[in-house]
Amino acid sequence: MGRRQSPEVNAGSMADIAFLLLIFFLVTSEMSKEAGMFQLLPEKTTDSTPPKKINERNIINVLARENDELMFDGESVSLNQIKELIKERILNEGNNSNWPENKVADLNKIKERIAINRKNLEETTIEKQVSNERKLKKAELRLKAFELFGNDFKTSEHVINLQATQGADYQTYISLKDELKQAYTELRSELAKKKLGRGWNDLNLEEKGMLKMVYKENISEAPVVQ
Amino acid sequence: MSKFDGGKKKKDGPAISTASLPDIVFMLLFFFMVATNSKDNEASVMVSLPSAVETGKLEDKTPTAYIQLGIPVKAMQKIYGDKTAIQLNDAIKRKEDIRLFLDEKRASIKSTYAEVSPEIGVSKAKQMIVCLKVDKKTKLGVVSEVKEELRDGAALKINYIVNETK
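The listed protein sequences derive, respectively, from chains A and B.
Residue 1 is where the first sequence starts when you use the working numbering, and the numbers rise one by one after that.
Residue 227 is where the second sequence starts when you use the working numbering, and the numbers rise one by one after that.
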């Protein structure tokens, strides 16, 4: 069986190996997945227009301070207490007169809004068509949410006023904001479990949208305090 | 295994095919293109992001501008000191430069859409989200100053970049 020549090295599969490697690197190397927390800043107002007056009872004050200290409505609290406190205030089940106002959604108002939006859409110009269509969809979704959640569709008038002192750490601030957002998610999830029998992660986009209407996030970031 | 026995002859084998060499080179090229893409500007400040649970993903289509806040890297500390500094594009700048930076970003967004339709460019420039990459040890006073600058520059949509923890 002695051969004169050794067989030629088969290079045909080299490309396959190369591609395999390429895919391996692509899959395993994490391209630093960045996630973000979105925030809309308030518009800069000129001095002539006074800021909108908010009823004192509707404001929930949270404050991040130096050394990871947190304050909730003037009282010192720890980070893991915040969530429950916020949920309690937003729900305001005992109708405490010092806590944010809670109103059951008004069917007539919802229908009114649909009618207005429909009319707007008919008279709309091409440029505004998209935004008007979106508004109408939102109004209709609101009606659907009302039908689904009924008396649980309460709109809270609360505003969470997120403040920080000059010397507070950014991580403290982000953790606090994170807790606030988690409070909303838990509220939404609880209602979803009650009415739909599913948790937040098992909902479709429309259902999530409806729950976001019921518990609308309202966090305002104030400038630093001394 | 008898096949491979007795291969003692020292004859010149055939040349090893180099047909796949281009593939390998291309693979390397692609790999480096992808790997370096995420770091398109050089870091002048050290940023260790804070972590949070409730986060959202950025939509790919929305134009973004990055502002980084942190302590300058070792090599830069001689020039810029060891206090929190602001990095715009790839250089350390003063906070007064933020507005100029925003205008530049908006102009570049508009120019990318200029051929397609200027109106889209204008609306895209309005949608621009400013991503804040802030070191977790940064004091809120500095962050707040930057936010005020952004408000002055009418860039109201901001996004705090965080590490997602689940």
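Think of the hints as simulated: they come from the structure by calculation, not from any bench.
A hint or two may mislead.
[What the hints assert, rightly or not] Under 8 Å between C-beta atoms, here's a sample of chain B residues computed to sit facing chain A: (1) Gly282; (2) Asp361; (3) Asn385.
In this text the structure is predicted, and so the values were computed from the model without any measurement.
Ideal Cβ placement from N, Cα and C applies to all residues, glycine included.
Taking the hints in turn, this is what the structure says about them:
no. : hint   : result
1   : Gly282 : 6 Å, holds
2   : Asp361 : 7 Å, holds
3   : Asn385 : 4 Å, holds
Checked against the numbered hints given earlier, this structure breaks none of them.
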